[in-house]
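Enquirer: What follows is the residue order along each chain.
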Amino acid sequence: MKILVPVKRVVDYNVKVRVKPDQSGVDLANVKMSMNPFCEIAVEEAIRLKEKGLAEEIVAVSIGPAQAQETIRTALAMGADRGIHVTADAGVEPLGVAKILKAIAEEEKPELIILGKQAIDDDTNATGQMLAALLGWPQATFASKVEKEGDGLNVTREIDGGLQTIHVSLPAIVTTDLRLNEPRYASLPNIMKAKRKPIDAKTPEDYGVDVAPRLEVLKVAEPPKRQAGVKVESVADLVSKLKNAGVL
Amino acid sequence: MSVLVIAEHDNASLNDATRAAVTAAGQIGGDIHVLVAGKDAKAVAEAAAKLDGVKTVLHADSDALDKRLAEAMETLVLKIADKYDAILAPATTGGKNFMPRIAAKLDVAMISDITSVEAPDTFVRPIYAGNAMMTVKSKDAKKVITVRPTTFEKAGDGGSAAIETLDAPAPAASSKFVREELSKSDRPELAQAKIVISGGRGMGSGENFAIIEKVADKLGAAVGASRAAVDAGFVPNDYQVGQTGKVVAPELYIAVGISGAIQHLAGMKDSKVIVAINKDEEAPIFQVADYGLVADLFKAVPELEEELGKAGY
Ligand SMILES: Cc1cc2nc3c(=O)[nH]c(=O)nc-3n(C[C@H](O)[C@H](O)[C@H](O)COP(=O)(O)OP(=O)(O)OC[C@H]3O[C@@H](n4cnc5c(N)ncnc54)[C@H](O)[C@@H]3O)c2cc1C
Chain F
2 MKILVPVKRV VDYNVKVRVK PDQSGVDLAN VKMSMNPFCE IAVEEAIRLK
52 EKGLAEEIVA VSIGPAQAQE TIRTALAMGA DRGIHVTADA GVEPLGVAKI
102 LKAIAEEEKP ELIILGKQAI DDDTNATGQM LAALLGWPQA TFASKVEKEG
152 DGLNVTREID GGLQTIHVSL PAIVTTDLRL NEPRYASLPN IMKAKRKPID
202 AKTPEDYGVD VAPRLEVLKV AEPPKRQAGV KVESVADLVS KLKNAGVL
Chain D
117 MSVLVIAEHD NASLNDATRA AVTAAGQIGG DIHVLVAGKD AKAVAEAAAK
167 LDGVKTVLHA DSDALDKRLA EAMETLVLKI ADKYDAILAP ATTGGKNFMP
217 RIAAKLDVAM ISDITSVEAP DTFVRPIYAG NAMMTVKSKD AKKVITVRPT
267 TFEKAGDGGS AAIETLDAPA PAASSKFVRE ELSKSDRPEL AQAKIVISGG
317 RGMGSGENFA IIEKVADKLG AAVGASRAAV DAGFVPNDYQ VGQTGKVVAP
367 ELYIAVGISG AIQHLAGMKD SKVIVAINKD EEAPIFQVAD YGLVADLFKA
417 VPELEEELGK AGY
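Going down the list, the sequences are from chains F and D.
Residues in the first sequence are numbered consecutively from 2, following our numbering.
Residues in the second sequence are numbered consecutively from 117, following our numbering.
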C-alpha cells in the first residue's frame, strides 16, 4: 500500500500571533514556522503503518511557498520516502488544496491518504473531507486509532459524545486527532539522509487547478479583549465575589 | 432566497446547537428549512417544527442515516442543495465531518465556525486559535457554513412548521458504523452548561477529579478538562475544551490546575466570568481570569465545596 501524507507549514503552535495594525492579516514576519502539529501526527501514523509492514511507500506533499520544502524535509527526516512540492501562495484555500491533492492522488494512486484534521492557522478543518468528496472515497475524520480490518480499516473517531468506530473500505481518507499517536523527533542521521531523498517540484498549473480564492478577506481584527481581573485572598472571598457578580 | 439548516441530534432529542444555527440562518435571511436526517427521529422533526422562524422541516429517516455518516449525508443533501442559497449546520463534530464534503461537491468554499453574520455573504470567523477574527466575503453563489453555537442566541419554540418527508439515500458501501462508546453522565452537557469546572494536568490523576466532580454536583455544573488532562488519561476525550476540542461560553468557567495555553483559552475565553485556581501566580490563565486564586488546588477545591455547602448549595 502506498500512503500519501499532505503536510502544511504553519505558524508554530507556541507563537501568539499579532494582528497587523492595518487589519490586512496577522504579522508573520520573523515568526517561527513549523509543520502543523496534526500533520506531524499524520506523518507519524503513516510511518507506523509502514513499520508494521502494512505500507510500502510514503509520499509527503506540501502545497505552499518555497519554504514549504523544509516542511517536506521534516516529513522525510521522520521517515517519509519522497516528496512533492507544489509551489503556491500560502493562502490557497482548502478547496484549492483538495483539488491539487485529488490530481496528485490520481497520478500516485495511493490506497490511503492521511491528513491532519485541521491546520492551526486558519482552523478550517475541511481539506480531508473535501478531498474525500472529490475522489468519491470514504472518510474517517478525527481519528484516535487506526487498525487494519479485513480489506479496509477500522477507525476510532473522537466525537462530541465520546468515541465512535467506523469501518471504511480502501482507498480512504483519514484525518488525525491529537491522541492518535505521539510523533517522533527526527534523528540527526535521518535528517542527513532526508537531504538526499527526492522532492518533485510542481505548480498548480501542472495539475490544471485554479486556486483563485473563493473567500475575499475584508479584514482581520483583534478579538475582544478581556478586562484584567483581580486576585482573591481566600476561597470564602472568591465565593462572596461570585455571589456579588451574580453567577452564583 | 432560502436557507437550509441541518439539525444536530441523537435521534431522540434536538441538540440546542441547532437553535444557534437557526438564529444564524435568520440573520442571513429568507425562508428557513431544517433537515432532520436520522433513524426513528420523528420526535426530533417535531421539535424542529416548533423552532421560531422555521418554515419547513424536511425529515429523512432510514438505517443509513442512523449515525449520519458523511457519505450518506452528502448524498442526501446534494439531492436538495439546488433549492438553497446557504446550507448551515452547527460546528459540532457532526457538522465538521460532513459539511466540507458537501461544500466540495458543490464546488464552493467551506466557511467554518462563524461567530457572526455581517451580511448574507459576509461572515466573521476565528483563526489562529481565536487570536484573530477574520471577516470574509464569499464569492460563491451557494454558501456552506458551520456555526459556532456559543456565539448565537438560541432560537425559541414559537413556530409550527410543516413536516415533509424526504426519501433517504441507500447506505454507502464504503463506510459503515461499527460501535460507539459514549460518555454517560448525569451532569449537563459541556457545550450547554451554565457553569463549567475544568481540571488540568495539575489534577495529577483521574481519581483526583473526584474533588472537582463534587463541586460540579453542588453547582449543577459540567466537568471539562485541558488537553494535558485528557492525554494523560485522567478523563475521556469529550471533556477537552479548546481550539481543537469543545468551545464553551458558560456564565461561569472555573479552571483548576490549568496553565492557560492559547489552545485552551481558545475554547473558553468567551465565558462570562472566569475563575482560575493555580499555585503558580505567573500562570497565563490569570491574564484572562476575572477572579484568580493562587493556591494549591488540593486544598482550595475541597474548601470551595465546603464554602458552597455553607452558602446553601
Ligand atoms: C495542535 C494542538 C492543539 C491543542 N489543542 C488543545 C485544546 O483543544 N485544549 C487544550 O486544553 N489544550 C490544547 N493543546 C495543548 C496546550 O498547548 C497545552 O499543552 C495544554 O492546554 C496544557 O494543559 P494544562 O494547562 O492542563 O497543563 P500545564 O500547562 O502543564 O499546566 C498545569 C498547571 O497546573 C498547575 N498546578 C500543578 N499542580 C497544582 C496544584 N497542586 N495546585 C494548583 N495548581 C497546580 C501548574 O502551576 C500549571 O499552571 C493543544 C496543543 C497543540 C499543539
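Errors might be hidden in some of the hints.
[Said to hold, decoys possible] Heads up, simulated BS3-like pairs for lysine-lysine below, C-alpha to C-alpha not over 25 Å straight-line:
| # | chain 1 | residue 1 | chain 2 | residue 2 |
| --- | --- | --- | --- | --- |
| 1 | D | 221 | D | 292 |
| 2 | D | 395 | F | 244 |
| 3 | F | 232 | D | 292 |
| 4 | F | 196 | F | 51 |
| 5 | D | 415 | F | 232 |
| 6 | F | 242 | D | 395 |
| 7 | F | 53 | F | 149 |
| 8 | D | 334 | D | 300 |
| 9 | D | 158 | F | 242 |
| 10 | F | 149 | F | 110 |
| 11 | D | 158 | D | 199 |
| 12 | F | 17 | D | 388 |
| 13 | F | 3 | D | 292 |
| 14 | D | 388 | F | 242 |
| 15 | D | 292 | F | 110 |
| 16 | D | 330 | F | 244 |
| 17 | F | 51 | F | 3 |
| 18 | D | 199 | F | 242 |
| 19 | F | 198 | F | 110 |
| 20 | D | 292 | D | 171 |
| 21 | F | 220 | F | 51 |
| 22 | F | 146 | F | 110 |
| 23 | D | 158 | D | 292 |
| 24 | D | 415 | F | 244 |
| 25 | F | 244 | D | 158 |
[To be verified] Selected chain D positions facing chain F (Cβ under 8 Å, derived; list incomplete):
| # | residue |
| --- | --- |
| 26 | 250 |
| 27 | 288 |
| 28 | 327 |
It should be emphasised that the hints constitute simulated quantities derived from the structure, not laboratory data.
All C-beta atoms in this analysis are idealised placements derived from N, C-alpha and C, irrespective of residue type, glycine included.
Enquirer: Look at each hint and say if it fits the structure.
Expert: Consistency of the hints with the structure:
Restraint check for residue 221/D and residue 292/D: the C-alpha separation of about 21 Å stays at or below 25 Å, so the hint holds. For the hint pairing residue 395/D with residue 244/F, the CA-to-CA distance comes to about 23 Å; that is within 25 Å, so the pair holds. Between residue 232/F and residue 292/D the alpha-carbon distance is near 52 Å, which puts this suggested pair outside the 25 Å criterion. For the suggested pair residue 196/F and residue 51/F, the alpha carbons sit about 21 Å apart, so the restraint of at most 25 Å is met.
At most 25 Å may separate the alpha-carbon atoms for a hinted pair to count; residue 415/D and residue 232/F meet this at roughly 17 Å. Restraint check for residue 242/F and residue 395/D: the C-alpha separation of about 20 Å stays at or below 25 Å, so the hint holds. For the suggested pair residue 53/F and residue 149/F, the alpha carbons sit about 10 Å apart, so the restraint of at most 25 Å is met. Taking the CA atoms of residue 334/D and residue 300/D, the gap is about 19 Å. The hint holds against a cut of 25 Å.
For the hint linking residue 158/D to residue 242/F, the alpha-carbon distance of about 46 Å lies beyond 25 Å, and the restraint is violated. Between residue 149/F and residue 110/F the CA atoms are separated by roughly 19 Å; this keeps the pair inside 25 Å, and the hint holds. Of the pairs offered as hints, the one joining residue 158/D and residue 199/D holds, with about 23 Å between alpha carbons and a cut-off of 25 Å not exceeded. Under the criterion of a C-alpha separation no larger than 25 Å, the hint pairing residue 17/F with residue 388/D is consistent with the structure, at around 23 Å.
Under the criterion of a C-alpha separation no larger than 25 Å, the hint pairing residue 3/F with residue 292/D is consistent with the structure, at around 23 Å. Our distance criterion of 25 Å between C-alpha atoms is met by residue 388/D and residue 242/F, whose separation comes to about 14 Å. A threshold of 25 Å between alpha carbons decides the hint, and for residue 292/D with residue 110/F the separation of about 23 Å falls inside it, so the pair holds. Between residue 330/D and residue 244/F the CA atoms are separated by roughly 19 Å; this keeps the pair inside 25 Å, and the hint holds.
A distance of roughly 9 Å separates the Cα atoms of residue 51/F and residue 3/F; the hinted pair therefore holds under the 25 Å criterion. Between residue 199/D and residue 242/F the CA atoms are separated by roughly 53 Å; this puts the pair beyond 25 Å, and the hint is violated. In summary, the hint linking residue 198/F to residue 110/F is supported, as the alpha carbons are separated by about 20 Å, within the 25 Å threshold. Proposed proximity of residue 292/D and residue 171/D is contradicted: the alpha carbons are some 33 Å apart, above 25 Å.
The straight-line distance between the Cα atoms of residue 220/F and residue 51/F is roughly 44 Å, outside the 25 Å bound, and the hint therefore fails. With a C-alpha separation of about 24 Å, the suggested pair residue 146/F and residue 110/F falls inside the 25 Å cut-off, and the hint holds. Taking the CA atoms of residue 158/D and residue 292/D, the gap is near 23 Å; set against the 25 Å cutoff, the hint holds. For the suggested pair residue 415/D and residue 244/F, the alpha carbons sit about 21 Å apart, so the restraint of at most 25 Å is met.
Only pairs whose Cα atoms come within 25 Å are accepted, and residue 244/F paired with residue 158/D is rejected, the gap being roughly 42 Å. The criterion of a C-beta within 8 Å of any C-beta in chain F is met by residue 250/D, whose closest approach is roughly 5 Å, and the hint holds. A least Cβ separation of about 7 Å between residue 288/D and chain F falls short of the 8 Å threshold, and the interface hint therefore holds. A distance limit of 8 Å between C-beta atoms decides the matter here; for residue 327/D the minimum to chain F is near 13 Å, and the interface restraint is violated.
Hint violations for this structure: numbers 3, 9, 18, 20, 21, 25, 28, all remaining hints satisfied.
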